[in-house]
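There are 2 protein chains.
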Amino acid sequence: MKNKDILFLNEALKEAAKALSYKEVPIGAVIVKETKIIGRGFNKKEFLQNPTSHAEIIAIEEASQTLNSWRLTGTTLYSTVEPCIMCCGAIIQARISRIVYCIPDEKFGGVESLFSIFSNEKLNHSVKVEKIYLPRAKELLQNFFKTIRKNRYNFTNFSQEET
Amino acid sequence: MKNKDILFLNEALKEAAKALSYKEVPIGAVIVKETKIIGRGFNKKEFLQNPTSHAEIIAIEEASQTLNSWRLTGTTLYSTVEPCIMCCGAIIQARISRIVYCIPDEKFGGVESLFSIFSNEKLNHSVKVEKIYLPRAKELLQNFFKTIRKNRYNFTNFSQEET
Chain A
1 MKNKDILFLN EALKEAAKAL SYKEVPIGAV IVKETKIIGR GFNKKEFLQN
51 PTSHAEIIAI EEASQTLNSW RLTGTTLYST VEPCIMCCGA IIQARISRIV
101 YCIPDEKFGG VESLFSIFSN EKLNHSVKVE KIYLPRAKEL LQNFFKTIRK
151 NRYNFTNFSQ EET
Chain B
1 MKNKDILFLN EALKEAAKAL SYKEVPIGAV IVKETKIIGR GFNKKEFLQN
51 PTSHAEIIAI EEASQTLNSW RLTGTTLYST VEPCIMCCGA IIQARISRIV
101 YCIPDEKFGG VESLFSIFSN EKLNHSVKVE KIYLPRAKEL LQNFFKTIRK
151 NRYNFTNFSQ EET
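Chains A and B are the protein sequences, given in the same order.
Take 1 as the starting number for the first sequence in my numbering and just add one per residue.
Take 1 as the starting number for the second sequence in my numbering and just add one per residue.
Simulated from the structure, these hints should not be mistaken for lab results.
Idealized CB from N, CA, C, for every residue including glycine.
Errors might be hidden in some of the hints.
[To be verified] Chain A side only, calculated, beta carbon under 8 Å to chain B, not exhaustive:
1. Ile57
2. Trp70
3. Lys107
4. Leu114
5. Phe115
6. Ser119
7. Asn120
Bound conformation, chain A alone (with noise of 0.2 Å):
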């Protein structure tokens, strides 16, 4: 299984690759049935300028659009990183059966950064949760903020210059 899992987590992260061209925060998800990826989405939130476009949001609709259904159950949601609480909130909505990630969101996770949302006993939908660590997923993010921040500084020095 974990072999399998990581393939997918792969698929996962090349999606988040595909948001950096985008200059969006790198998230990328993809979702599994059986050994077929029904659904894929990376983050484009800026790019839309629409709140809910997060990858896992994308790639569930896709997924729905493939089955022609908007229950997924039996599926699996590979993300890159820790789902927000919207997103742990549409995997319930969609039913789907199971999520891995590979690293914690401590702004807006809903997994277990901000709330434990799948653990609620009076759910009547239960979701399986794992983690495996890929230190690429880390590395996508660390890089991404680092130019921003790199960005903000020349723009900063700059603007200094001008007034």
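On the provided structure of chain A, position chain B as indicated by the hints.
Just chain B, lined up with the frame of chain A:
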């Protein structure tokens, strides 16, 4: 404030009534900036076979298109029913400032029923919450589920006759 809130909740109720004509669970939402509605939505989950097509998500996406921005700071979201976990997360992602709703959702509600998402002190965004009970919100849901049960009963009787 309350008169204005009731006015906009009634607009959300108009959206909920539209959902009925799609044979959807009747939930509606509008988003207001100052005194103008900038987004409207009603539940279309079954119609679109999309698990994310809740009234609030559709209204948020429309409001972002209207403002050409994912940031909906300073807006109020009116919903006929307590937003679910996914929609609470989307409200945070969109930086919506205030929400008003009519009735709780014991099965999926993220404001008071399953979680108190907006009370989490670790969140870097705060959302004001108000509840204004309008009987019409409950009536719409009750009538919808009564019809569903009746049809199911008729279908069961029919099936029993068939076998």
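Outcome of the hint check:
no.	hint	in the structure
1	Ile57	holds, 6 Å
2	Trp70	holds, 4 Å
3	Lys107	holds, 7 Å
4	Leu114	holds, 5 Å
5	Phe115	holds, 6 Å
6	Ser119	violated, 11 Å
7	Asn120	holds, 6 Å
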